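First to last, the sequence lines map onto chains A and B.
54 is the number that the numbering used here gives to position 54 of the first sequence; each next residue is one higher, with no gaps.
394 is the number that the numbering used here gives to position 394 of the second sequence; each next residue is one higher, with no gaps.
Calculated directly from the structure, the hints in this document are not laboratory data.
All values derive from a computational prediction rather than experimental measurement.
The beta-carbon is built from N, C-alpha and C at its ideal position, and this holds for glycine as well.
Heads up, some of the hints might be wrong.
Stretch by stretch, here's where chain B covers chain A in the computed footprint (C-beta under 8 Å, at least three residues) [said to hold, decoys possible]:
(1) 42-54
(2) 74-88
(3) 148-155
Every beta carbon over 12 Å from chain B, so not counted as near; a handful from chain A, in silico [unchecked claim]:
(4) Ile13
(5) Val16
(6) Asn20
(7) Glu25
(8) Leu61
(9) Ala99
(10) Ile116
(11) Leu117
(12) Glu125
(13) His137
(14) Leu138
(15) Ala163
(16) Ala164
(17) Ala167
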Amino acid sequence: MDERSEAPARRRIALVVNGNPVEAEIEPRELLLDFLRHRLGLMGAKRSCDVQVCGSCTVLLDGEPVSACCTLAYEARDRQVLTIEGLADAGRLHVLQEAFIEHAAVQCGFCTSGMILTSLELLREVPAPVPEQVRSHLKGNLCRCTGYRRIIDAVVDAGRRLAAEGASS
Amino acid sequence: MSAETHVVGTSIRRVDGVEKVTGAARFVGDLVVPEMLYGRVLRSPVPHARIARIDVTAAERMPGVVAVLVGRDLEGTDPFYGHAIKDRPIVALDRVRFAGEPVAAVAATDEAAAAEAVWAITVDYEELPAVPTLETALADGAVRLHEGPLRPGLFHGLGELRREEGNICYHYRSSRGEVERAIAGADLVVEGEYTFPAVYQYAMEPHTVIAAWGVDGLTVWASCQHPYLVRAELAELFGLPQVSVRVIVPYLGGGFGSKSYTKMEPLTAALSRKAGRPVRIANRVDEAMVTTRRHNMRCWMRTAATSDGAVVARQCKIWLDTGAYADNGPRVAATAGDAAPGPYRWQAAEVDAWAVYTNTPPAGSYRAFGATHLIWIGEAQIDALARRAGLDPVEFRHRNLLRPGEEVRPGGKPLDADLVGDVTKVAAAVGWGKPKPPLVGRGVSVGLLAAGANPVSTAAIRLQADGTAVLLVSTTEMGQGARTVFTQIAAEELALRPERIRVMGADTQFTPYDRSTGASRSTTLAGKAVLRAAADVRGQLLDIAAGVWGLPRSALAIRDGAVWHETESLSFPTLIARHFGMPGGEMIGRGEVRPERGTGSYAEGPVFWEVCVGGAEVALDPETGRIHLRRLASVADVGKAINPQLVEAQDEGACLQGVGNALFEEMLFEDGVLVNGSLLEYRVPTTADMPDEYRSIIVENADGPGPYGAKGVGEGALAGVVGAIVTALADLGVEMYDLPLSPERVWRRLRELEAQGTVLLRD
């Protein structure tokens with residue numbers, strides 16, 4: 001008991017969140033999810049399973065999806081974090097966000113930010129994925145509302161649109 | 001109402017879409033209330049014990065801890081709640097009845113401090129003999145979980161409670177004809193015993209509550225589906241007038257029944273009261289799993305038919321394990337009893353359903369409750385009879401299914417759906433009649449779910465001075481799209497563009513009474529209240545315009561946000577300004593739904609029969625017992641699809657939950673203790689579990705009691721596909737009696753059938 005309640009040494013970290021430099025003093029055990037939600041008020045990443053299974057707390061760390069519920073805030077020091085709040089550009093929705101709305105890939109919305117960010121990473125790796133690739137890529141993100149088909153359709157469609165934009169520009 | 005609609009029937013974008021894709025949508029756990037503390041709960045590790053001593057002194061002294069709540073803090077009150085049966089203490093008093101029951105709760109300045117303080121509480125348990133299963137709870141001389149007569153809750157609504165018999169908390173019975181005689185006279189009889197496992201709803205957002213006491217009473221932000229029922233229970237528990245209890249519900253991260261009725265609200269409120277500050281309690285998944293679950297069940301069923309393929313009679317006994325407290329168990333028992341006969345033309349049918357207390361976490365509502373438990377069993381027996389009569393299973397159903405207008409159960413609403421058409425459609429969607437590859441089976445399943453709960457809803461619309469409108473309704477938006485559908489209905493009736501209408505969340509201080517959000521009732525009942533509220537405003541606008549022009553209302557029409565007489569128009573803002581004699585003011589419309597006599601009535605239960613129709617094509621790997629889903633189909637027999645895209649989305653989600661229920665979801669208890677309490681060990685469907693092909697078929701016969709002939713959807717597909725997967729496996733000669741159809745269970749059954757020398761795996 002005594003060891004548990006002993007105040008651990010705090011550490012200072014600097015990182016970039018959604019393009020904004022952030023400096024903070026954290027406890028070594030502080031989770032990235034709590035850091036984002038409680039310190040920065042970024043509520044888009046949600047807590048659900050706590051064991052890195054559901055994907056609802058997914059954020060991008062230097063472009064890679066991580067479960068913020070199982071990542072220490074300390075691990076994010078000197079790195080770039082992207083949360084769903086940082087995706088729309090000057091109020092203009094990202095193509096993925098548009099596609100999720102259009103395909104009714106959003107129901108309760110609790111998994112949505114994790115789904116979109118995980119899909120964003122896929123589209124950066126595979127510009128116009130086929131449904132099977134999306135399906136495989138999203139295995140670590142649970143959704144209880146949609147049955148997944150609409151989410152997959154939305155990502156495929158967004159990929160197609162982005163690829164078309166890329167080709168025309 | 002004109003026959004032609006402009007907004008209703010179209011797949012407009014969800015009104016909450018932008019908020020949800022940008023992370024702006026707020027759920028209870030995203031809210032921060034000034035001075036808020038974080039609560040954590042100490043839960044019993046044992047299923048049944050007397051609490052000899054609780055010592056919280058160490059916990060109270062820990063840094064950051066503001067209050068620790070235990071049973072003795074509730075002395076002098078009546079701390080029992082439960083909408084059906086008042087049997088559940090806010091926090092354990094002198095006894096715990098399930099492993100996971102709240103024994104104490106800590107409020108601290110941060111979550112970590114609260115969690116550490118929970119570890120510092122010491123409890124001495126004197127363990128009592130436990131009855132953690134249906135068998136032990138029903139045994140002669142079994143220890144009783146609840147002494148004395150059961151007290152009905154505020155929303156019991158299911159007739160008289162008898163004095164308790166053993167551990168049975170509710171008995172539902174339905175009987176018509178002389179069953180024994182009918183069965184004796186039949187040619188073909190099938191009989192069997194079946195089990196259904198405990199299942200976890202897994203709404204991705206676990207239960208979360210913030211409670212705050214102020215000078216004017218108690219305010220609660222809750223992830224609850226039924227804000228008004230929660231308010232009533234809180235008011236009663238804390239001896240407050242209802243006006244002093246305010247329940248606010250923002251977005252819900254899914255519900256599926258897990259957030260229906262009162263759950264964590266009383267505990268959070270009691271802890272906040274003791275702490276003197278607002279407190280938030282957010283369940284973790286392992287805690288949500290021991291807060292509510294789907295009933296596990298044992299069932300015996302017997303079905304009889306004639307050799308030429310006419311069903312004769314069915315007899316069924318159902319034991320539902322409702323856990324340590326009744327929660328919604330009585331209603332689940334009644335709904336299971338309603339679903340058990342199946343939608344066939346019986347000479348006689350007899351159903352008994354019992355909800356039984358055990359030393360396990362309470363079981364309550366989960367999507368298509370009762371129907372999911374029973375339909376697969378009834379349909380397995382229908383298939384067995386079809387095979388023995390030498391008839392195609394679809395043809396056998398065609399001969400025996402009820403037709404619209406026929407009696408489903410004595411004294412209830414007659415059938416209001418085209419089941420023959422529905423089953424024909426799903427059969428076609430899974431390739432019925434086409435050649436099958438080896439080890440591929442096809443099945444269909446047809447059933448009915450008593451939907452709609454109680455037909456009581458109210459709604460209000462405030463048409464603002466600029467012609468925009470605020471819609472007030474207490475349905476919870478938990479993903480089903482209620483706010484979008486209500487927007488469409490109001491837009492249609494008021495001839496407004498959907499963008500000019502706002503629907504906010506439920507807040508009992510402002511949004512009017514709604515019975516509940518569940519049982520597929522919102523579009524049908526709250527939607528009808530919205531329609532009537534809009535019609536009320538429309539009538540007021542027409543009256544004003546009629547006065548202005550000196551014309552009868554019948555000469556006027558409403559379109560594009562204005563009242564028209566031929567080519568002349570008065571916009572809504574103009575009319576409102578005329579009415580009040582100045583710019584500003586608002587028109588308020590009200591609408592209500594209640595049991596009514598006459599056509600389209602809600603007087604006879606249920607509000608409507610929701611169809612549970614599914615089709616499946618499965619491939620079986622006989623080496624591993626693994627079932628691969630090649631095709632699934634379900635029917636959304638909705639009367640009228642207000643938003644077809646949302647209807648399909650609801651059905652698709654229900655279908656995949658059905659896949660989990662049918663194939664692998666199961667809560668495992670060892671001596672009453674949950675042993676797979678995380679999502680690592682309790683698996684729900686992922687993208688890897690999707691069927692190769694899925695079709696949701698919308699059927700619109702305008703035969704529902706809701707707006708535009710609509711009726712609800714979103715549950716039936718779950719029960720439908722579970723049944724269809726079971727019958728598709730039976731098509732391969734593998735009749736199953738226990739769910740889920742896990743590879744191991746199917747593999748064992750295959751070896752059993754092999755040992756019996758049964759001819760297996762017909763192609």
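Now for the hints, and whether the structure bears them out:
Under a criterion of three residues with beta carbons nearer than 8 Å to beta carbons of chain B, the stated coverage of the stretch 42-54 of chain A is upheld, 12 such residues being counted. With 5 residues carrying a beta carbon less than 8 Å from a beta carbon of chain B, the stretch 74-88 of chain A meets the three-residue requirement, and the given coverage holds. Beta-carbon proximity to chain B at under 8 Å applies to 4 residues in the stretch 148-155 of chain A; the threshold of 3 is reached and the given coverage holds. Consistency note on Ile13 (chain A): stated as away from chain B, and its beta-carbon is indeed over 12 Å from all of that chain's, at 18 Å minimum.
Every C-beta of chain B lies more than 12 Å from that of Val16 (chain A), the closest at about 18 Å, which supports listing it as non-interface. The claim that Asn20 (chain A) lies off the interface holds: its Cβ sits roughly 15 Å from the closest Cβ of chain B, which is beyond the 12 Å cut-off. With a cut of 12 Å on Cβ distances, Glu25 (chain A) stays outside the contact zone with chain B, its closest approach being about 15 Å. Interface exclusion of Leu61 (chain A) from chain B stands, the closest Cβ pair being 17 Å apart, more than 12 Å.
With a least beta-carbon separation of about 9 Å from chain B, Ala99 (chain A) fails to lie farther than 12 Å from that chain, contradicting its non-interface assignment. Ile116 (chain A), annotated as away from the interface, has a beta carbon of chain B within 12 Å; the closest lies near 6 Å. Not every C-beta of chain B lies more than 12 Å from that of Leu117 (chain A), the closest at about 10 Å, which undercuts listing it as non-interface. Listed as outside the interface, Glu125 (chain A) is consistent with that label: its C-beta sits roughly 17 Å from the nearest C-beta of chain B, beyond the 12 Å cut-off.
Against the 12 Å criterion, His137 (chain A) falls within the reach of chain B, whose nearest CB is about 8 Å from its own CB. A cut-off of 12 Å between C-beta atoms contradicts the statement that Leu138 (chain A) is not in contact with chain B; the least separation is 5 Å. In this structure Ala163 (chain A) is separated from chain B by more than 12 Å, as the shortest Cβ-Cβ distance comes to about 21 Å. Every Cβ of chain B is farther than 12 Å from the Cβ of Ala164 (chain A); the closest lies at roughly 21 Å, confirming the non-interface assignment.
At roughly 25 Å, the least C-beta separation between Ala167 (chain A) and chain B is larger than 12 Å, which holds for a residue marked as non-interface.
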